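Peer 1: Taken in order, these protein sequences are the chains called A and B. Residue numbers for the first sequence follow this note's numbering, beginning at 1 and rising by one. Residue numbers for the second sequence follow this note's numbering, beginning at 1 and rising by one.
Derived from the structure by calculation, the hints contain no laboratory data. A portion of the hints provided could be inaccurate.
[Said to hold, decoys possible] Below, a sample of chain A positions facing chain B; criterion: calculated Cβ distance under 8 Å:
1. Glu-10
2. Asn-17
3. Arg-18
4. Ala-21
5. Ala-25
6. Asn-29
7. Gln-55
8. Asn-58
9. Gln-59
10. Lys-62
11. Arg-66
12. Ile-68
13. Asp-69
14. Thr-70
15. Ile-71
[Unchecked claim] DSS-like mimics (lysine-lysine), calculated; alpha carbons at most 30 Å apart, straight line:
16. A:Lys-62 to B:Lys-200
17. B:Lys-317 to A:Lys-62
18. A:Lys-62 to B:Lys-71
19. B:Lys-188 to A:Lys-2
20. B:Lys-137 to A:Lys-72
21. A:Lys-2 to B:Lys-292
22. B:Lys-207 to B:Lys-192
23. B:Lys-195 to A:Lys-62
24. B:Lys-71 to B:Lys-204
25. A:Lys-72 to B:Lys-504
26. B:Lys-487 to B:Lys-512
27. B:Lys-546 to B:Lys-356
28. B:Lys-192 to A:Lys-62
29. B:Lys-302 to B:Lys-207
30. B:Lys-292 to B:Lys-200
31. B:Lys-353 to B:Lys-292
32. A:Lys-72 to B:Lys-489
33. B:Lys-512 to B:Lys-380
34. A:Lys-2 to B:Lys-195
35. B:Lys-188 to A:Lys-72
36. B:Lys-370 to A:Lys-62
37. B:Lys-292 to A:Lys-62
38. B:Lys-357 to B:Lys-546
39. B:Lys-204 to A:Lys-62
40. A:Lys-139 to A:Lys-118
Because the structure is a prediction, the values reported are computed rather than measured. Beta carbons are placed, not taken as given, at the ideal position from N, Cα and C, and that holds for glycine.
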Amino acid sequence: MKHIISVLVENRFGSLNRVAAMFSARGFNLESISIGETEDPEISRMTIVTRGDDQIINQVLKQLNRLIDTIKVTDLTRQPHVERELLLMTLKLSKTTQHEIFELINVFKGKVVDIKQKSITIEVIGSPDKINTSIDIFKPYGIKELARSGVVAIHRGE
Amino acid sequence: MHTTGQILNGSEIFFECLRRENVEYIFGYPGGALLKVYETLHDVEDIRHILVRHEQGATHMAEGYARSTGKPGVVLVTSGPGATNTVTGIANAYMDSTPLVVFTGQVPSSLIGNDAFQEADIVGITRPITKHNFLVKDVKELAITIRKAFYLATTGRPGPVVVDMPKDVLAATCAFEWPETVEIRGFKPTFKCHKNQIEKAAHKIAKAKRPLLYVGGGVITAEASEELRTLATKYNIPVTMTLQGLGAFPGSHPLSMGMLGMHGTYWANQAVNNCDLLIAVGARFDDRVTGKVDAFATQAYKIHNDIDPTNVDKNIKVDLPIVGDSKDFLASLLEEMPEKTESHELWLADIEKWRKKCPLSYSVEPDSLKTEFVIEEVSKQTAGNAVVVTDVGQHQMWTTQYYTFMNPRSIISSGGLGTMGYGLPAAIGAAFGIKDRPVVLFCGDGGFMMNIQELVTAVYCKVPIKIFLINNSYLGMVRQWQELFHKEKYSFTDLAESNPDFVKLAEAFGCKALMADNPENAKEAIRTALAWNEGPVVVDCRVARKEMVFPMVPAGGAISDMLLARLNPKTMV
Ligand SMILES: Cc1ncc(C[n+]2csc(CCOP(=O)(O)OP(=O)(O)O)c2C)c(N)n1
Ligand SMILES: [Mg+2]
Numbered sequence: 001m002k003h004i005i006s007v008l009v010e011n012r013f014g015s016l017n018r019v020a021a022m023f024s025a026r027g028f029n030l031e032s033i034s035i036g037e038t039e040d041p042e043i044s045r046m047t048i049v050t051r052g053d054d055q056i057i058n059q060v061l062k063q064l065n066r067l068i069d070t071i072k073v074t075d076l077t078r079q080p081h082v083e084r085e086l087l088l089m090t091l092k093l094s095k096t097t098q099h100e101i102f103e104l105i106n107v108f109k110g111k112v113v114d115i116k117q118k119s120i121t122i123e124v125i126g127s128p129d130k131i132n133t134s135i136d137i138f139k140p141y142g143i144k145e146l147a148r149s150g151v152v153a154i155h156r157g158e
Numbered sequence: 001m002h003t004t005g006q007i008l009n010g011s012e013i014f015f016e017c018l019r020r021e022n023v024e025y026i027f028g029y030p031g032g033a034l035l036k037v038y039e040t041l042h043d044v045e046d047i048r049h050i051l052v053r054h055e056q057g058a059t060h061m062a063e064g065y066a067r068s069t070g071k072p073g074v075v076l077v078t079s080g081p082g083a084t085n086t087v088t089g090i091a092n093a094y095m096d097s098t099p100l101v102v103f104t105g106q107v108p109s110s111l112i113g114n115d116a117f118q119e120a121d122i123v124g125i126t127r128p129i130t131k132h133n134f135l136v137k138d139v140k141e142l143a144i145t146i147r148k149a150f151y152l153a154t155t156g157r158p159g160p161v162v163v164d165m166p167k168d169v170l171a172a173t174c175a176f177e178w179p180e181t182v183e184i185r186g187f188k189p190t191f192k193c194h195k196n197q198i199e200k201a202a203h204k205i206a207k208a209k210r211p212l213l214y215v216g217g218g219v220i221t222a223e224a225s226e227e228l229r230t231l232a233t234k235y236n237i238p239v240t241m242t243l244q245g246l247g248a249f250p251g252s253h254p255l256s257m258g259m260l261g262m263h264g265t266y267w268a269n270q271a272v273n274n275c276d277l278l279i280a281v282g283a284r285f286d287d288r289v290t291g292k293v294d295a296f297a298t299q300a301y302k303i304h305n306d307i308d309p310t311n312v313d314k315n316i317k318v319d320l321p322i323v324g325d326s327k328d329f330l331a332s333l334l335e336e337m338p339e340k341t342e343s344h345e346l347w348l349a350d351i352e353k354w355r356k357k358c359p360l361s362y363s364v365e366p367d368s369l370k371t372e373f374v375i376e377e378v379s380k381q382t383a384g385n386a387v388v389v390t391d392v393g394q395h396q397m398w399t400t401q402y403y404t405f406m407n408p409r410s411i412i413s414s415g416g417l418g419t420m421g422y423g424l425p426a427a428i429g430a431a432f433g434i435k436d437r438p439v440v441l442f443c444g445d446g447g448f449m450m451n452i453q454e455l456v457t458a459v460y461c462k463v464p465i466k467i468f469l470i471n472n473s474y475l476g477m478v479r480q481w482q483e484l485f486h487k488e489k490y491s492f493t494d495l496a497e498s499n500p501d502f503v504k505l506a507e508a509f510g511c512k513a514l515m516a517d518n519p520e521n522a523k524e525a526i527r528t529a530l531a532w533n534e535g536p537v538v539v540d541c542r543v544a545r546k547e548m549v550f551p552m553v554p555a556g557g558a559i560s561d562m563l564l565a566r567l568n569p570k571t572m573v
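Given these sequences and hints, build the entire structure.
Peer 2: See the structure below:
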């Protein structure tokens, strides 16, 4: 089963490496990992997407906790949370497809980031599912390049 | 001693911090990145620096010192090759949870990342084999980093910590401040066991008909042997120990079952197979203990106490996990236990039956020397009170079988990593830590050559270790597997043609050396060696060459598939 784990770590050189290295050393699956500063500049939040049965996820959580640089480890999967991912994508553009592409950008509540004679760069924000769908839908128009941020997630407020 | 607030350079701060951590010994080797430190060291009189002959030796010495005393071992090496030479020792300490603080010199900060002369990213290299590691970027951070390093190495589940110190940081100055307290928000080990869980455990123990204590190194680290002994003897619960747990319970006690696992005793493994309650204390269900996990202690309700939560439910799913310090676990348990429990007479009688059925045995012949005889004789002559160090191989397993360990901190052996070359330096380190008991080393002829250079260290420091070189002129343990499982293809394990004359070799190092090749002269040589305290002594024990260690559970096999002897491996019930 897929799990989203939120980890607060010391905002220090090497913290990301320690976490990533632990995953590879112990053979845990690491689907995505993203990291950024929090409201406290000394602390970063990592969002990790991983897969495994209960026993494996249990070990993942404990091994994360065991690292000295981790401050708090939360499995968000079974708790109320929001998850978002950002997709940046450059598509081929032509007179004939232009109209449909703009329609679809609206459907996905995306934005145009840049537009040139023969290409258009757009952003879409949403759940990983929505991102997957949007990639599938845009594919026939010709994707020149794409980048995904990986998931970030947070508890829903009280 | 310098006072706080005084302006000092990094090297002076370094020693000032070690003083405050009560460091007695540094095992080290100098080099370019450490010149400033060695300049300061020249006038340091209250901390003794032991000059090793290879940095790997320094790490194992520090480990021998740490395991024999319970204090952290301290290593000091230069950047680049000095640092990379410590990797095996650090990995070894990590696997065996030994507290070490390893200080590495580093190239000047401004050159880091430039492929500078003698630069190695030791923080990157050691990340997966340390409990934690640090690169000190500013002399103002040095004291607090050292404080944290010692705190981390020794608190909770112990382990090695590396502190990397660039050359410019060691020369820069600042006002010295010693932080009295240390706070690491990501590190809060659980010491106190959960009361409800303890109550449940006490209840289970009171009701069990066939309980078994399975004890690991955690009990020794937690200094909980007294509590263990009370629990076992008051309630008549048999005790089996892991390699690192030996000595936690006196080996001569009728309730002691010796070691379990791959080369454990028949009766200990039978007890694991048949117990209805397994109480694991400070042990981690290592694969050398469990064999095939699905077949391990299948009838038992399993209680597991460990200070490290990651050890729980890692290899074996347990019924009652209790995270916390093993001393707290045992002491709290004793408080919760009722006065009387089920009687275990029948259970102990079963165990006795197994003990009689397949005792440990070997034959004594007048003109052939057996390793088992040497170890048993040393055990007798030292009354089980020596600090016993081993290397890795057959002699190591025989040591667990034939030396009767009477006290905690008496076996020093590379368990988790199985590092050949560990024994000699670890014995030297132990002898620096322990002066009132003999320090004995059993070492294979293969492993002896892996850190033989440290014999120089032992000689010039006049360290009175008694080295029993178990010389079968084979990489015996590998040879055993070749015979049993690899079609008797004895590929590159026969050392007879290539081994040196160990007596001459030892003498060339300035070491006293003896030779034994039969039970009679072995007894005599052991007596002489134990009485010799002016420095190290090597006894070249020319033992029977093709012996094998039994019982043996084949790797990955169920412990009920134990091989009992070479010729009739299928005599098991
Ligand atoms: C550094 C290292 N290299 C290789 C091994 C694999 N190994 C395990 S036991 C063994 C043989 C040890 O031979 P010896 O030291 O003579 O001891 P014996 O088994 O003969 O008692 C070897 C090669 C190891 N454990 N460590
Ligand atoms: Mg040998």
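Peer 1: If a hint holds in the structure, say so; if it does not, say that too.
Peer 2: Verification of the hints:
| no. | hint | in the structure |
| --- | --- | --- |
| 1 | Glu-10 | holds, 7 Å |
| 2 | Asn-17 | holds, 7 Å |
| 3 | Arg-18 | holds, 6 Å |
| 4 | Ala-21 | holds, 6 Å |
| 5 | Ala-25 | holds, 5 Å |
| 6 | Asn-29 | violated, 17 Å |
| 7 | Gln-55 | holds, 6 Å |
| 8 | Asn-58 | holds, 6 Å |
| 9 | Gln-59 | holds, 6 Å |
| 10 | Lys-62 | holds, 4 Å |
| 11 | Arg-66 | holds, 5 Å |
| 12 | Ile-68 | holds, 4 Å |
| 13 | Asp-69 | holds, 6 Å |
| 14 | Thr-70 | holds, 5 Å |
| 15 | Ile-71 | holds, 5 Å |
| 16 | A:Lys-62 to B:Lys-200 | holds, 23 Å |
| 17 | B:Lys-317 to A:Lys-62 | holds, 15 Å |
| 18 | A:Lys-62 to B:Lys-71 | holds, 27 Å |
| 19 | B:Lys-188 to A:Lys-2 | holds, 28 Å |
| 20 | B:Lys-137 to A:Lys-72 | holds, 26 Å |
| 21 | A:Lys-2 to B:Lys-292 | holds, 29 Å |
| 22 | B:Lys-207 to B:Lys-192 | holds, 24 Å |
| 23 | B:Lys-195 to A:Lys-62 | holds, 21 Å |
| 24 | B:Lys-71 to B:Lys-204 | violated, 36 Å |
| 25 | A:Lys-72 to B:Lys-504 | violated, 60 Å |
| 26 | B:Lys-487 to B:Lys-512 | violated, 41 Å |
| 27 | B:Lys-546 to B:Lys-356 | holds, 26 Å |
| 28 | B:Lys-192 to A:Lys-62 | holds, 18 Å |
| 29 | B:Lys-302 to B:Lys-207 | holds, 14 Å |
| 30 | B:Lys-292 to B:Lys-200 | holds, 28 Å |
| 31 | B:Lys-353 to B:Lys-292 | holds, 25 Å |
| 32 | A:Lys-72 to B:Lys-489 | violated, 53 Å |
| 33 | B:Lys-512 to B:Lys-380 | holds, 23 Å |
| 34 | A:Lys-2 to B:Lys-195 | violated, 34 Å |
| 35 | B:Lys-188 to A:Lys-72 | holds, 11 Å |
| 36 | B:Lys-370 to A:Lys-62 | violated, 46 Å |
| 37 | B:Lys-292 to A:Lys-62 | holds, 24 Å |
| 38 | B:Lys-357 to B:Lys-546 | holds, 25 Å |
| 39 | B:Lys-204 to A:Lys-62 | holds, 27 Å |
| 40 | A:Lys-139 to A:Lys-118 | holds, 16 Å |
In summary, the numbered hints that this structure violates are 6, 24, 25, 26, 32, 34 and 36.
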